[in-house]
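Start from the sequences and build out the full structure, keeping to the hints where you can.
Number of protein chains: 4
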Amino acid sequence: MRILFIGDIVGRAGRAIVLDRLPNLIRDWKLELVVINGENAAGGFGITEAIYNEFIDAGADAITLGNHAWDQREALVFIERAPRLVRPVNFPAGTPGRGAALVDTKNGKRALVINAMGRIFMDPLDDPFAAVDRELNACPLRSACDAVIVDMHCEATSEKQAMGFFVDGRASLVVGTHTHVPTADHRILPGKTAFVSDVGMTGDFNSVIGMGKDEPLNRFLRKIPSAKFEPANGPATLCGLAVETDDASGLAVKVGAVRLGGTLEEARPPFWA
Amino acid sequence: MRILFIGDIVGRAGRAIVLDRLPNLIRDWKLELVVINGENAAGGFGITEAIYNEFIDAGADAITLGNHAWDQREALVFIERAPRLVRPVNFPAGTPGRGAALVDTKNGKRALVINAMGRIFMDPLDDPFAAVDRELNACPLRSACDAVIVDMHCEATSEKQAMGFFVDGRASLVVGTHTHVPTADHRILPGKTAFVSDVGMTGDFNSVIGMGKDEPLNRFLRKIPSAKFEPANGPATLCGLAVETDDASGLAVKVGAVRLGGTLEEARPPFWA
Amino acid sequence: MRILFIGDIVGRAGRAIVLDRLPNLIRDWKLELVVINGENAAGGFGITEAIYNEFIDAGADAITLGNHAWDQREALVFIERAPRLVRPVNFPAGTPGRGAALVDTKNGKRALVINAMGRIFMDPLDDPFAAVDRELNACPLRSACDAVIVDMHCEATSEKQAMGFFVDGRASLVVGTHTHVPTADHRILPGKTAFVSDVGMTGDFNSVIGMGKDEPLNRFLRKIPSAKFEPANGPATLCGLAVETDDASGLAVKVGAVRLGGTLEEARPPFWA
Amino acid sequence: MRILFIGDIVGRAGRAIVLDRLPNLIRDWKLELVVINGENAAGGFGITEAIYNEFIDAGADAITLGNHAWDQREALVFIERAPRLVRPVNFPAGTPGRGAALVDTKNGKRALVINAMGRIFMDPLDDPFAAVDRELNACPLRSACDAVIVDMHCEATSEKQAMGFFVDGRASLVVGTHTHVPTADHRILPGKTAFVSDVGMTGDFNSVIGMGKDEPLNRFLRKIPSAKFEPANGPATLCGLAVETDDASGLAVKVGAVRLGGTLEEARPPFWA
Ligand SMILES: [Fe+2]
Ligand SMILES: [Fe+2]
Ligand SMILES: [Fe+2]
Ligand SMILES: [Fe+2]
Ligand SMILES: [Fe+2]
Ligand SMILES: [Fe+2]
Ligand SMILES: [Fe+2]
Ligand SMILES: [Fe+2]
Numbered sequence: 001m002r003i004l005f006i007g008d009i010v011g012r013a014g015r016a017i018v019l020d021r022l023p024n025l026i027r028d029w030k031l032e033l034v035v036i037n038g039e040n041a042a043g044g045f046g047i048t049e050a051i052y053n054e055f056i057d058a059g060a061d062a063i064t065l066g067n068h069a070w071d072q073r074e075a076l077v078f079i080e081r082a083p084r085l086v087r088p089v090n091f092p093a094g095t096p097g098r099g100a101a102l103v104d105t106k107n108g109k110r111a112l113v114i115n116a117m118g119r120i121f122m123d124p125l126d127d128p129f130a131a132v133d134r135e136l137n138a139c140p141l142r143s144a145c146d147a148v149i150v151d152m153h154c155e156a157t158s159e160k161q162a163m164g165f166f167v168d169g170r171a172s173l174v175v176g177t178h179t180h181v182p183t184a185d186h187r188i189l190p191g192k193t194a195f196v197s198d199v200g201m202t203g204d205f206n207s208v209i210g211m212g213k214d215e216p217l218n219r220f221l222r223k224i225p226s227a228k229f230e231p232a233n234g235p236a237t238l239c240g241l242a243v244e245t246d247d248a249s250g251l252a253v254k255v256g257a258v259r260l261g262g263t264l265e266e267a268r269p270p271f272w273a
Numbered sequence: 001m002r003i004l005f006i007g008d009i010v011g012r013a014g015r016a017i018v019l020d021r022l023p024n025l026i027r028d029w030k031l032e033l034v035v036i037n038g039e040n041a042a043g044g045f046g047i048t049e050a051i052y053n054e055f056i057d058a059g060a061d062a063i064t065l066g067n068h069a070w071d072q073r074e075a076l077v078f079i080e081r082a083p084r085l086v087r088p089v090n091f092p093a094g095t096p097g098r099g100a101a102l103v104d105t106k107n108g109k110r111a112l113v114i115n116a117m118g119r120i121f122m123d124p125l126d127d128p129f130a131a132v133d134r135e136l137n138a139c140p141l142r143s144a145c146d147a148v149i150v151d152m153h154c155e156a157t158s159e160k161q162a163m164g165f166f167v168d169g170r171a172s173l174v175v176g177t178h179t180h181v182p183t184a185d186h187r188i189l190p191g192k193t194a195f196v197s198d199v200g201m202t203g204d205f206n207s208v209i210g211m212g213k214d215e216p217l218n219r220f221l222r223k224i225p226s227a228k229f230e231p232a233n234g235p236a237t238l239c240g241l242a243v244e245t246d247d248a249s250g251l252a253v254k255v256g257a258v259r260l261g262g263t264l265e266e267a268r269p270p271f272w273a
Numbered sequence: 001m002r003i004l005f006i007g008d009i010v011g012r013a014g015r016a017i018v019l020d021r022l023p024n025l026i027r028d029w030k031l032e033l034v035v036i037n038g039e040n041a042a043g044g045f046g047i048t049e050a051i052y053n054e055f056i057d058a059g060a061d062a063i064t065l066g067n068h069a070w071d072q073r074e075a076l077v078f079i080e081r082a083p084r085l086v087r088p089v090n091f092p093a094g095t096p097g098r099g100a101a102l103v104d105t106k107n108g109k110r111a112l113v114i115n116a117m118g119r120i121f122m123d124p125l126d127d128p129f130a131a132v133d134r135e136l137n138a139c140p141l142r143s144a145c146d147a148v149i150v151d152m153h154c155e156a157t158s159e160k161q162a163m164g165f166f167v168d169g170r171a172s173l174v175v176g177t178h179t180h181v182p183t184a185d186h187r188i189l190p191g192k193t194a195f196v197s198d199v200g201m202t203g204d205f206n207s208v209i210g211m212g213k214d215e216p217l218n219r220f221l222r223k224i225p226s227a228k229f230e231p232a233n234g235p236a237t238l239c240g241l242a243v244e245t246d247d248a249s250g251l252a253v254k255v256g257a258v259r260l261g262g263t264l265e266e267a268r269p270p271f272w273a
Numbered sequence: 001m002r003i004l005f006i007g008d009i010v011g012r013a014g015r016a017i018v019l020d021r022l023p024n025l026i027r028d029w030k031l032e033l034v035v036i037n038g039e040n041a042a043g044g045f046g047i048t049e050a051i052y053n054e055f056i057d058a059g060a061d062a063i064t065l066g067n068h069a070w071d072q073r074e075a076l077v078f079i080e081r082a083p084r085l086v087r088p089v090n091f092p093a094g095t096p097g098r099g100a101a102l103v104d105t106k107n108g109k110r111a112l113v114i115n116a117m118g119r120i121f122m123d124p125l126d127d128p129f130a131a132v133d134r135e136l137n138a139c140p141l142r143s144a145c146d147a148v149i150v151d152m153h154c155e156a157t158s159e160k161q162a163m164g165f166f167v168d169g170r171a172s173l174v175v176g177t178h179t180h181v182p183t184a185d186h187r188i189l190p191g192k193t194a195f196v197s198d199v200g201m202t203g204d205f206n207s208v209i210g211m212g213k214d215e216p217l218n219r220f221l222r223k224i225p226s227a228k229f230e231p232a233n234g235p236a237t238l239c240g241l242a243v244e245t246d247d248a249s250g251l252a253v254k255v256g257a258v259r260l261g262g263t264l265e266e267a268r269p270p271f272w273a
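Chains as they are written, first to last, in the numbering used here: chain A, 1 to 273; chain B, 1 to 273; chain C, 1 to 273; chain D, 1 to 273.
One or more hints might be untrue.
Since the list gives no way to pick out one identical chain from another, each pair is judged satisfied if it fits inside one copy or across any two copies.
Derived DSSO-like pairs (lysine-lysine); straight-line CA-CA distance at most 30 Å [claimed, not checked]:
| no. | residue 1 | residue 2 |
| --- | --- | --- |
| 1 | 223 | 192 |
| 2 | 192 | 109 |
| 3 | 254 | 109 |
| 4 | 228 | 192 |
| 5 | 30 | 254 |
Hints were generated in silico from the structure; no laboratory data involved.
Printed below as a string of structure tokens:
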């Protein structure tokens, strides 16, 4: 299966490049599963139903979230009618929506998409390792689905790597999100799970994690807020990860970085050239 | 000037690849300045005088540190006779050693090497922005030195990026360290300062941030320590950043990732091929 | 029921005053239930079986723990044969011991003792509110036991107070521990649960939270460890909370501070004079 | 000198009891210096010029702040014309206002009032110990002023106690603020500095740290904000600390808790009965 995961879309610039490029990428690369982290899609904070629908229309098969899941309060409501929207699985019992979704892929297969949130330097939540373990046991790769994607939304590289090894051999891909910077450590772990510590954001990198840089810099220097954080609106880089899995095992055989547009060094998966 | 910065050396495996590869890299790439982050060189925790000398003998011109600076307590003493060893500049007044060093380069020029520690999700210290600003004013690029390297040792991508923009145009390079994962956002900022959020560790990536993965995983899952953290000792990847500066301005003209050996996708600066 | 809760015993000085005073307090005040937080009893770090037995022999009916539960690794083993030792209930599934214990009181009744750990500024754990709620539902006050004591071990006053209100009317007492400083906000909440944000430590207050003050002060000033933390060994203050419950309801009717010995202002429950 | 320090005033209920009681306390107790922490006076968040003037008119000689200093943005401006308003001394250089003020007391003496902010579990700032040390050296007790008050605004009891011992013998009083809960560890340290870990808030204790308890509880349980935090408006408790210093030394001879009104156990300094 040909899988593309696209990292945290930030604001208008991030949305624009996704809507512009994704249909072509699906066609050119013959993508069968596209997952997008959308927690910053609406002005940097959360996601609206209109944006969710735009992403689905552009070809996303699932959209994951994170600590900004509910910044747009409508998400608490529309998530119930948005079966492809996945919020962190370790939110408290009773939280609207779902933490794992079994979605149909473009090639008629089924993929389990899990969103989990780390706890190091993050808000306190229940154990993401136990929560992911439960989901994997409830819907095991191969016997119950054809691919498993785990979006590990967290700050610390240690916690992301630990999640990678924890599910190694049981998931097709563990992809870190949240830091908004792509890491270059994409690889296939010994058990054949593709992994990257952070896929990076999709937004304008002439910024501080996607936000216009003046106010973040002001706060670091003066410790006095002087304006709201607003997304930077220069040319965006689409940051993603390309993974190809073996149909029999559902595990990874190829992994490559994707960086298109904007100010970062371009990267394309050579295996889909 | 041709500059190579090598990220956090972790333990024996990390030291071995540096000692093995660095002399050849200096020769092949005609390197004029080599800076290494050595805070994890001694068994993952701190640095000894013997290791410091090994790195200098292998061609390092300066060695930076971080939150693990004093894990080997001898560092508090030998740093006073190790002029190329640089600890965070924003440690309290009275801390042994220096937070910035003016070092002679291999081509008879002078480079200012500053080590600063961020504060987001880190131990409380004085303001790194104010401290770096003071050092830059005391030894400005061009008028007082030919290159300025800032090692911003911290966790949060926002703080690293803010430091990049804060000194953009005043430093040759701002390189993040500490997360032990290389980021793929190396670029030249608008003011011609080369930047990367994290250069990554030099160590065995079949690990959790350089440490054998069983105990980190055990602690995430059970919350009960059962062993000490020990460096992983499989084949290491050397992670670095290659920067070429303009001799007249001291600012960056080229920047490229370096990843050699081990399990990460190899990268070499095409401009020094 | 006459209940005395004694806060975090720190080291030798703390143990000595408990062993010295507790038998007399039980007799003079006709105590029916005594609960002690013992997470710092062994040299400031954890608890041993010998110390556990000493406390039981001196009259403790239950001993609670906290983030230092396993500092003495023997506790992982002997907790299985120490039915009155209670570790945080929201530790991961599979943790040795128990997070709630139903203990016989001195007057032939039954008391449920729960230990929970907060998450604000603490290690990440599962939700303490949900965990306490489960225990209360499994063994409700009046129908299944005669008193319920919740030791909320945490840093933030907000989280402690929230726990107080969360179980107000369902517990006899919610007592905060961990900061090692007694608070003066003991009161009976509207639903008749006795509450105090922190009961305070039992140890030498000529110290930094029970530890000899030189090394903590050194670390605040210099950011370089120069010695281990050692308990201060001057005269200790026994810090506790006295609660009297109504036999029919199991809820609180009187609450008063207890501070005996050492350097703090003495306090005794006037209602047991 | 007879000194009263009143802790964090929270909202309308907190202001009301101060305005109502303070004039009488000044008269009855013959107070010579009154210092108030006002960081939560305006609806729980910051302070306005009108409120500042009300407190001064009611008899406050100085008003300290904390992490909420600038929640009302007008404070950034009016602090320049409010000589008795003191913000944390370790805010960045260039911050409006002052971190220490030498104020005239009601008996024609001079008192140095310092506000410092801790760093454990707080926003990153420069070293409060070094900053307080500088202020004490610039205006030493006895030679340059008749009393020194240090408001140590922070979360961790360890950092507050360390500050107490750090200035012991050089200040008349070190009083902790910020946790909004009064501690019962008021005492005179060996060097004759009066100390309390936290003086507590002045507000309605039928609340979570002064805020109506529903929304804090909701956030702990559900992790989804559903309303703004609003101060609780039931009867407030005035929490303070009474200190009497020796005129010759400026150091403390008596210290006692003050708790008046509301739901906490009443306390008055017996030595001013
Ligand atoms: Fe994000
Ligand atoms: Fe996020
Ligand atoms: Fe490191
Ligand atoms: Fe580090
Ligand atoms: Fe404790
Ligand atoms: Fe504790
Ligand atoms: Fe406050
Ligand atoms: Fe505060």
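Q: Just pull the numbers of the violated hints for me, sorted ascending.
A: none
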